[in-house]
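J.: Those protein sequence lines, which keep their order, are chains A and B. Quick note: the first sequence uses the working numbering, first residue 21, plus one each step. Quick note: the second sequence uses the working numbering, first residue -6, plus one each step.
The set of hints was computed from the structure by calculation and includes no laboratory data. Glycine included, every Cβ here is placed at the ideal spot set by N, Cα and C. Be aware that one or more of the hints could be misleading.
Claimed, not checked - Label-pair distances were calculated between CB atoms; the ranges are:
hint: 1; chain 1: B; residue 1: Met126; chain 2: A; residue 2: Ser31; range: 19 to 27 Å
hint: 2; chain 1: A; residue 1: Asp138; chain 2: B; residue 2: Pro254; range: 37 to 45 Å
hint: 3; chain 1: B; residue 1: Glu248; chain 2: A; residue 2: Glu85; range: 49 to 57 Å
hint: 4; chain 1: B; residue 1: Ser110; chain 2: A; residue 2: Glu76; range: 32 to 40 Å
hint: 5; chain 1: A; residue 1: Glu76; chain 2: B; residue 2: His124; range: 18 to 26 Å
Claimed, not checked - Per the computed footprint, the stretches of chain A lying under chain B, defined by three or more beta-carbons under 8 Å from a beta-carbon of chain B, are:
hint: 6; region: 37 to 45
hint: 7; region: 103 to 116
Unchecked claim - Coverage of chain A stretches by chain B, computed from C-beta distances (three or more under 8 Å per stretch; other residues unrestricted):
hint: 8; region: 62 to 74
hint: 9; region: 119 to 125
hint: 10; region: 136 to 142
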Amino acid sequence: MSAAVASPPQSADATRLNELYGANKSLSLSVSAALAMQLPPQVGAEQIDAHVWVCERAAAEHQGEELEAHFEACRDAAVALADLAREAEDGLVPTQRRLEAVRRTHRHLRRLVWEVFDCEYVPCGHERNH
Amino acid sequence: MSDYSLWIVEYARVKEYPVSAALYGRHNQGSLVLPYCYGVLKSDDHLAIVDTGFDYAEFGKVLADTYGVSDWQPPEVVMSRIGFSPRDVDTMILTHNHFDHAGGVDFFPNAHIYLQSREVQNYMWAKGLPHRMQWLTTATDPDLMISLVERMRQGKLTLLDGEADVIPGVRAVPAHDTHTAGSQYVTLDQHDGRWLLAGDNCYTYDNFLGSQEDGMFVPIGLAFGSMQQCVLTMEEMWQYVDEEVERIVPFHAEEMWDKFPTHTFDDTLRVAEISLAPGEASRLESLEAAA
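So here's chain A without its partners, still in its complex pose (with noise of 0.2 Å):
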């Protein structure tokens, strides 16, 4: 389908915001397409802590302010996604709670996420500015 563009950002802490979301799905996408294809993710938990790491600092940093849940969505997807990478690493097969929970906080931080940005998503061709 098509291609939607986000808004322009409305801040720095936006931009930050949106960079991590990114950051989570590109990650959640190659971990989940390895554990799809039965195969070692190529992103370990090692390289997901680190984006742990930059999400913790990020929800530190704006407590208390506008975008706070937010940023610890960011930090709670993070979160999950590293659980999972984890058990993968260690050659187990997802668990359905694990699984369970990535979808979730994903979910969650997506949906904040499309309170501050356009969906990003790109449905078969579909641009709105035809």
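Chain A is fixed; fit chain B onto it per the hints.
T.: Frame of chain A; chain B shown alone:
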């Protein structure tokens, strides 16, 4: 030879879809109605679907509302119109992993999924993309991928490496680097000839006929692969059906309803009966009789 009955069921539509999104380069030419459909195949041994539609919840709802997708109905409603339950589907072929084609996986809990390996593998490299390149991940969502992992856990996911017979008489053919990295289309060669379910390798018949009736293929409006590969794939499809465009079944073509026996339901959604296996009674005739 296995014989299948084949129906195309409409589950939603976009009432104003830009022409240029369906036909490459046709900018400023207004909009068209874009049905959202999937295919249902039935033999004596299998009930299969090609694509799933999406769930009007979570990101499916956001996308539908953002892009003007209306009149959505779940598979429980759409499938029951021709006498089937989503739970009875044993085989699911996904032409590609976009929300309107693969966003309804969870509605079909007993189906074994067949998808090109490349469609999944493509996202393994997404790990290191800088923010400026995130457009490359905008066509899918981890939600879709996690549904595939869950099905893998159940032993119900087969990732295909190229062309393969998925079930007897139903063949998945790769269309790599076209609309998506690992797209595929589906072919049937049976008692009444060849049929080809296109996925998003074409949107309308005009992709093949040329929107200006000049006989020149016009590729779709969005390719994550290349336009060249889109046209080369269209030529493969064209040759497979021996240049009979009506044997290509698009999932987004409003003209399709005029080419095949079609029933329109009270909610305006439609079902087209493309082919009936020997001995299979028409499900549309009974619907028409009851109407």
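J.: Each hint: holds or not?
T.: Hints versus structure:
1. Evaluation of the 19 to 27 Å hint for B:Met126 and A:Ser31 yields a pass: the beta carbon distance comes to about 23 Å.
2. At roughly 41 Å, the beta-carbon separation of A:Asp138 and B:Pro254 lies within the given 37 to 45 Å, and the hint holds.
3. Checking the proposed 49 to 57 Å range against B:Glu248 and A:Glu85 shows it holds: the Cβ atoms sit about 53 Å from each other.
4. Roughly 35 Å separates the CB atoms of B:Ser110 and A:Glu76, a value that falls within the hinted 32 to 40 Å.
5. The hinted range of 18 to 26 Å is satisfied by A:Glu76 and B:His124, whose Cβ atoms lie roughly 19 Å apart.
6. For the region 37 to 45 of chain A, the proposed coverage by chain B is satisfied: 5 residues have a C-beta within less than 8 Å of a C-beta in that chain, meeting the threshold of three.
7. Residues of the region 103 to 116 of chain A lying with their CB closer than 8 Å to a CB of chain B number 3, which satisfies the three-residue condition for coverage.
8. Taking a C-beta to C-beta cut-off of 8 Å, the region 62 to 74 of chain A contributes 3 residues in contact with chain B, enough for the three needed, and the coverage statement holds.
9. Only residues whose C-beta sits within less than 8 Å of a C-beta in chain B count toward coverage, and the region 119 to 125 of chain A has 3 of them, enough to reach three; the restraint holds.
10. Residues of the region 136 to 142 of chain A with a Cβ under 8 Å from some Cβ of chain B number 5, which satisfies the need for three, so the listed coverage holds.
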